[in-house]
Amino acid sequence: MPEEKDESLTLDKRTMDVLVAHVIPTSKYFEARFDHMQDQIDRINTDLRDFRGDVDKRFEQVIASIDRLADKLDHRDERQRTFTLRMFTIAISISVLGALGVFLKSLGGI
1 MPEEKDESLT LDKRTMDVLV AHVIPTSKYF EARFDHMQDQ IDRINTDLRD FRGDVDKRFE
61 QVIASIDRLA DKLDHRDERQ RTFTLRMFTI AISISVLGAL GVFLKSLGGI
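Each residue of the sequence shown is one higher than the one before, counting from 1 in my numbering.
Simulated from the structure, these hints should not be mistaken for laboratory data.
Treat the hints with caution; some may be incorrect.
[Unchecked claim] The calculated label-pair distances, taken between Cβ atoms and stated as ranges, are:
1) 79 x 46: 46 to 54 Å
2) 42 x 62: 44 to 52 Å
3) 63 x 24: 52 to 60 Å
4) 97 x 58: 54 to 62 Å
5) 62 x 38: 47 to 55 Å
6) 106 x 67: 39 to 47 Å
7) 12 x 47: 49 to 57 Å
8) 42 x 22: 26 to 34 Å
9) 40 x 68: 38 to 46 Å
10) 47 x 84: 51 to 59 Å
Don't be surprised by glycine CBs; every beta carbon is placed ideally from N, CA and C.
Model the full assembly from the supplied sequences, consistent with the hints where possible.
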């Protein structure tokens with residue numbers, strides 16, 4: 001069997017200091033970036049919550065507007081119905097008077 005070589009890495013103090021000097025600032029950078037990302041996510045969540053509230057308010061306004069429009073249309077329909085009945089009554093009255101005149105003329109009265 002061939003001899004096994006010891007391939008473990010030995011680090012001296014200077015190498016460790018260099019690694020620590022390069023790794024710790026990098027980890028602090030990533031930590032700061034993650035904190036920044038978390039702040040952005042929190043702001044987005046808050047904005048979404050506010051947006052939902054705004055959308056709910058807008059839907060309530062639209063519903064109220066539709067209700068007002070429906071009331072306006074109902075009122076207009078009621079006025080139109082009253083006007084139509086009045087005109088129909090006048091037309092029937094004129095027709096009855098005309099028929100009465102023809103009837104009286106046929107009897108030889110006028």
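Structure-based check of all given hints:
For the pair residue 79 and residue 46, the beta carbons lie near 50 Å from each other, so the given range of 46 to 54 Å is met. A hinted range of 44 to 52 Å is violated for the C-beta pair residue 42 and residue 62, which are about 31 Å apart. For residue 63 paired with residue 24, a C-beta distance near 58 Å keeps the hint of 52 to 60 Å intact. In this structure, residue 97 and residue 58 meet the distance hint of 54 to 62 Å, their C-beta atoms being roughly 58 Å apart.
Here the CB-CB span from residue 62 to residue 38 is close to 36 Å, at odds with the stated 47 to 55 Å. The beta-carbon spacing between residue 106 and residue 67, approximately 58 Å, falls outside the hinted interval of 39 to 47 Å. A beta carbon spacing of about 52 Å between residue 12 and residue 47 agrees with the range 49 to 57 Å that was offered as a hint. As the Cβ distance of residue 42 to residue 22 is approximately 31 Å, the hint placing it in 26 to 34 Å holds.
Distance hint for residue 40 and residue 68: a CB-CB separation of about 41 Å, consistent with the stated range 38 to 46 Å. For residue 47 and residue 84, the Cβ-Cβ distance of about 54 Å falls inside the hinted range of 51 to 59 Å, so the restraint holds.
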